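Trainee: What follows is each chain in one-letter form.
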Amino acid sequence: AQTVTQSQPEMSVQEAETVTLSCTYDTSESDYYLFWYKQPPSRQMILVIRQEAYKQQNATENRFSVNFQKAAKSFSLKISDSQLGDAAMYFCAYRSHDSTSGTYKYIFGTGTRLKVLA
Amino acid sequence: NAGVMQNPRHLVRRRGQEARLRCSPMKGHSHVYWYRQLPEEGLKFMVYLQKENIIDESGMPKERFSAEFPKEGPSILRIQQVVRGDSAAYFCASSFSDYGYTFGSGTRLTVV
Numbered sequence: 010a011q012t013v014t015q016s017q018p019e020m021s022v023q024e025a026e027t028v029t030l031s032c033t034y035d036t037s038e039s040d041y042y043l044f045w046y047k048q049p050p051s052r053q054m055i056l057v058i059r060q061e062a063y064k065q066q067n068a069t070e071n072r073f074s075v076n077f078q079k080a081a082k083s084f085s086l087k088i089s090d091s092q093l094g095d096a097a098m099y100f101c102a103y104r105s106h107d108s109t110s111g112t113y114k115y116i117f118g119t120g121t122r123l124k125v126l127a
Numbered sequence: 010n011a012g013v014m015q016n017p018r019h020l021v022r023r024r025g026q027e028a029r030l031r032c033s034p035m036k037g038h039s040h041v042y043w044y045r046q047l048p049e050e051g052l053k054f055m056v057y058l059q060k061e062n063i064i065d066e067s068g069m070p071k072e073r074f075s076a077e078f079p080k081e082g083p084s085i086l087r088i089q090q091v092v093r094g095d096s097a098a099y100f101c102a103s104s105f106s107d108y109g110y111t112f113g114s115g116t117r118l119t120v121v
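Residue numbers (the working numbering), protein chains in the order written: chain W, 10 to 127; chain Z, 10 to 121.
Take every hint as true, because none was put in to throw you off.
So these bits of chain W aren't anywhere near chain Z, every CB distance computed over 12 Å: (1) MET20; (2) VAL22; (3) ASP35; (4) LYS64; (5) PHE73; (6) SER74; (7) GLY94; (8) ASP95.
Derived coverage of chain W by chain Z (criterion: at least 3 residues anywhere in the stretch with Cβ under 8 Å from a Cβ of chain Z; other residues may be distant): (9) 54–63; (10) 101–111; (11) 115–122.
What the hints contain is simulated information worked out from the structure, not anything from laboratory work.
Values in this document were obtained by computation on a predicted structure and should not be read as measured data.
No residue lacks a Cβ here, since even glycine has one placed at the ideal position from N, Cα and C.
All chains should be modelled from the sequences, with the hints used to inform the complete structure.
Mentor: Below is the structure:
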C-alpha cells in the first residue's frame, strides 16, 4: 500500500523569503502522479502543482516549484517570494490507480501548516 | 461553471440523528469521490461513484454510512445514527478524466 509522509507539522517563513516543504512517499508503482494542495482556513482544497512520475523535469507554477527525486521517493515543494496569502495547510498527495475498479484514489499526508511572518 | 457544490457548509446533528450531505459535481463530470478529514489530519478516501453505481466503497465504514449518485440530482452521503466520532469535514470531488480532481469546499459535520 502506498503511504505519504510529511514530517514537518509546522513551518514559518518571513514574507518575501523562500521556504521548502518536505514530502516522502512509498510505492511499488512506476507510473503515478503527485500533487500539492493548499487548504486555507476556508477549507477549500486548492491544487497548487502536480507532477507526473514519468517526467524527469520538475513542475513549476509561478512561485511554486517542486524537487521531485523519484529514486529517493521525495517530492518537496518550494515557495519563492512568500506572501501573506500563502499561509495555509499544505498537503502532499499521491494518486494511485486501481486497474480493477478504475478508481483513482488520493493518499494524503498529514499536512504542514505554513505561517508567513510579516 | 460553478465548480463542485457541497451543501450544507455546516451541519450540526445530535447523537443518534441522521446526517445527509449533498454534492453536485462540476458540469460534465460523471465521477464523484467522497473523502473525510478528521481534525489535524489529511483527507481519507471513502467512496467512488459513477451515475447510479458504487464503484469502490473500500474506505466507507461498514455500518451507518451509505452513498448514492442517482441518475438525476446530487450525490448524497448519508450517515445514520451519528456519533461524536463522525464529527469531521466531508469533501466531495469530481472528475471526468484522469487529469485530476476538483474538490468542493466541504461540509463540516458537528455531532453534539
